[in-house]
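Starting from the given sequences, assemble the full structure and let the hints guide the process.
Protein chains: 2
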Amino acid sequence: MMKKYAMGIDIGGTNTAFGLVDEDGNVIAEGKISTEKYRYYDDYKPYIEALAAAIKELIASQPECDLIGIGVGAPNANIHTGVIETPANLWKFENPNDPRPNTLRIFKFVDDLGKFFNGTKVMITNDANAAAIGEMVFGNARGMKDFAMITLGTGLGSGIVCNGEMVYGHDGFAGEYGHIAAESRETGRQCGCGRKGCLEAYVSATGIKRTAFELMATMTCDSELRSIPYDKFEAKMLSEAADKNDPIALEAFERTGKYLGLALADLTATTSPEAIILFGGLANAGDYIMRPTQKYMEENQLMVFKNKVKLLMSGIQDKNVAILGGAALIWKQHLEAVIENY
Amino acid sequence: MMKKYAMGIDIGGTNTAFGLVDEDGNVIAEGKISTEKYRYYDDYKPYIEALAAAIKELIASQPECDLIGIGVGAPNANIHTGVIETPANLWKFENPNDPRPNTLRIFKFVDDLGKFFNGTKVMITNDANAAAIGEMVFGNARGMKDFAMITLGTGLGSGIVCNGEMVYGHDGFAGEYGHIAAESRETGRQCGCGRKGCLEAYVSATGIKRTAFELMATMTCDSELRSIPYDKFEAKMLSEAADKNDPIALEAFERTGKYLGLALADLTATTSPEAIILFGGLANAGDYIMRPTQKYMEENQLMVFKNKVKLLMSGIQDKNVAILGGAALIWKQHLEAVIENY
Numbered sequence: 022m023m024k025k026y027a028m029g030i031d032i033g034g035t036n037t038a039f040g041l042v043d044e045d046g047n048v049i050a051e052g053k054i055s056t057e058k059y060r061y062y063d064d065y066k067p068y069i070e071a072l073a074a075a076i077k078e079l080i081a082s083q084p085e086c087d088l089i090g091i092g093v094g095a096p097n098a099n100i101h102t103g104v105i106e107t108p109a110n111l112w113k114f115e116n117p118n119d120p121r122p123n124t125l126r127i128f129k130f131v132d133d134l135g136k137f138f139n140g141t142k143v144m145i146t147n148d149a150n151a152a153a154i155g156e157m158v159f160g161n162a163r164g165m166k167d168f169a170m171i172t173l174g175t176g177l178g179s180g181i182v183c184n185g186e187m188v189y190g191h192d193g194f195a196g197e198y199g200h201i202a203a204e205s206r207e208t209g210r211q212c213g214c215g216r217k218g219c220l221e222a223y224v225s226a227t228g229i230k231r232t233a234f235e236l237m238a239t240m241t242c243d244s245e246l247r248s249i250p251y252d253k254f255e256a257k258m259l260s261e262a263a264d265k266n267d268p269i270a271l272e273a274f275e276r277t278g279k280y281l282g283l284a285l286a287d288l289t290a291t292t293s294p295e296a297i298i299l300f301g302g303l304a305n306a307g308d309y310i311m312r313p314t315q316k317y318m319e320e321n322q323l324m325v326f327k328n329k330v331k332l333l334m335s336g337i338q339d340k341n342v343a344i345l346g347g348a349a350l351i352w353k354q355h356l357e358a359v360i361e362n363y
Numbered sequence: 022m023m024k025k026y027a028m029g030i031d032i033g034g035t036n037t038a039f040g041l042v043d044e045d046g047n048v049i050a051e052g053k054i055s056t057e058k059y060r061y062y063d064d065y066k067p068y069i070e071a072l073a074a075a076i077k078e079l080i081a082s083q084p085e086c087d088l089i090g091i092g093v094g095a096p097n098a099n100i101h102t103g104v105i106e107t108p109a110n111l112w113k114f115e116n117p118n119d120p121r122p123n124t125l126r127i128f129k130f131v132d133d134l135g136k137f138f139n140g141t142k143v144m145i146t147n148d149a150n151a152a153a154i155g156e157m158v159f160g161n162a163r164g165m166k167d168f169a170m171i172t173l174g175t176g177l178g179s180g181i182v183c184n185g186e187m188v189y190g191h192d193g194f195a196g197e198y199g200h201i202a203a204e205s206r207e208t209g210r211q212c213g214c215g216r217k218g219c220l221e222a223y224v225s226a227t228g229i230k231r232t233a234f235e236l237m238a239t240m241t242c243d244s245e246l247r248s249i250p251y252d253k254f255e256a257k258m259l260s261e262a263a264d265k266n267d268p269i270a271l272e273a274f275e276r277t278g279k280y281l282g283l284a285l286a287d288l289t290a291t292t293s294p295e296a297i298i299l300f301g302g303l304a305n306a307g308d309y310i311m312r313p314t315q316k317y318m319e320e321n322q323l324m325v326f327k328n329k330v331k332l333l334m335s336g337i338q339d340k341n342v343a344i345l346g347g348a349a350l351i352w353k354q355h356l357e358a359v360i361e362n363y
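Chains A and B are the protein sequences, given in the same order.
Letter by letter, the first sequence follows residues 22 to 363 of my numbering.
Letter by letter, the second sequence follows residues 22 to 363 of my numbering.
Any given hint could be a false lead.
Any copy will do: because identical chains look the same in the list, a pair fits if it lies in one copy or spans two.
To be verified - List time: in silico DSSO-like cross-link candidates among lysine-lysine, alpha-carbon distance up to 30 Å: (1) 329 / 129; (2) 166 / 329; (3) 331 / 166; (4) 265 / 327.
No lab work stands behind these hints, which were simulated from the structure alone.
See below:
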């Protein structure tokens, strides 16, 4: 008997992973191709061809597969236009002296991939939004109408859901909560976006590493972290050091949680979520990051919100979230259409 | 011939104003009763009776009136529960030694008023949300799916609309953008909410007055403002002084616009609105507040949002906004139901 599946695709800088996902969030078959191999601008077209071929092969391997659509999570993707706009780490110009500006590269992903799948629904959104939809369809936000997802990876991404709908905003780029001001725009840390003081410069794998190095400068205590050079330092080393009560690691988590907690209190005042869900590498530090985040969030909530907002870990943390997120984009729309036509 | 009207009610600390509003936003009849006369806790019941009687009288004066509902804008009102929760300036305990805590006063407004209007739809929301809905139905946000309304009165209120729906949030209290951190929670200005550094302590009629007094302390220039004591000072005096190029007044607008512009850039990163609409007393200062707000908002936008978000003045600024806002709450739902049943 034919069974319905959604194809979820996650476009990362190294690999593009994809899988067939059923209604309950089970990934029944998956595959991947290298993104890195196709990293330059002129590789984009062959990349799409390779991806389409690999996906078709996976579908063909499942004889009972009724494909309801293809959902994609990617950096800088816009759900309204189906376009990936100037991704920092994908399809850049090979020659740094190329006269075409690296600041404006537009990839019509939905159209370009769609050509290979006649009539199949293709949707794309940015990775954090895909994670939020994954959480809503398959994870800890099931049944919630108002929540926010914070992804703590190399940067800080966010997906905000209000009234049961993803907030994409007028331009399709809402949820850039990593780029609100956590410190002064004049004296704060330099951010990758070109400005200063952004939350993600403090709260992310990179942000906590920067904090640790600042603390090595300001504190005088012994720490095993002092033997690691900046360019070899990984955020997970802070969890390992914290397990041994390393004072710099513990203080780095405390400060990072404070920045995040303050920012989540402000997010609460803005959108009043039922829950805020943390996801991603830094969230794996568990209590080290959750405890101070929770503490500072509560301390700084407006009275009317105190002790009302749940701070949760992702419910799909251990699964292949990126694939689930893309597939959830399709499943959410599919299930809503079923209900509407009922 | 019978014509459809919504009753809009605005509950202010001094008066409660109400009016019958047609589909095009015309107020065809209006009235008011004193709120102040009923300012204590035990006056709440007689207040509701007096309000119901006055409204009934207004309706009776319009023989062709088909009332589709009653919509109310009030401080601390919750659309989910129909309740006004602990309003700062309404129905407090008369005796300051009353053992009942002033911090928890619950008024079931929708139920209590509804009893007098058998079967008529009654809805309530906070004033800033009502203003946003008024703007969406009758003002400059007509046709917009994603926008934010900022009301600059004694405090700073906000109403955020995403995907064509008001963001009330899980608890019904979303849109407290006046209480995000504009300065440090540790060293910022004291706010009426009990915390420090809130945006409204800097950007509001009260906030700009505080800034003017800070500037009188830090600047040495002459200024006519120096002759006015703090408790006689009104925000509109700053517009008058700015008209005469008063350096303190001009700098006060500059700094206030900077705080607001920075906050609006962060709001853009969060919800990506098509427009941000300013409304209320301080917004009447026109260019004095709009110019620096626009400038700092643009300077601090994330690249992807630069020159995309419209900063507008309210389109219902000169009308009886509060009444229109309440009525719009009813009209919006009514029109959506008509479309759905079509």
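The hints, checked one at a time:
When the C-alpha separation of residue 329 and residue 129 is checked against a cutoff of 30 Å, the pair qualifies only between copies, where the shortest distance is 21 Å, while the shortest distance within a copy is 42 Å. Taking identical chains as interchangeable, the C-alpha atoms of residue 166 and residue 329 lie at most 30 Å apart whether they share a chain (15 Å) or sit on different chains (28 Å). With identical chains, the CA atoms of residue 331 and residue 166 are at most 30 Å apart both within one copy (14 Å) and between copies (28 Å). In this homomeric assembly, residue 265 and residue 327 never come within 30 Å of each other (Cα to Cα): the closest approach is 33 Å inside a single copy and 46 Å across copies.
Violated hint: 4 only; the structure is consistent with all others.
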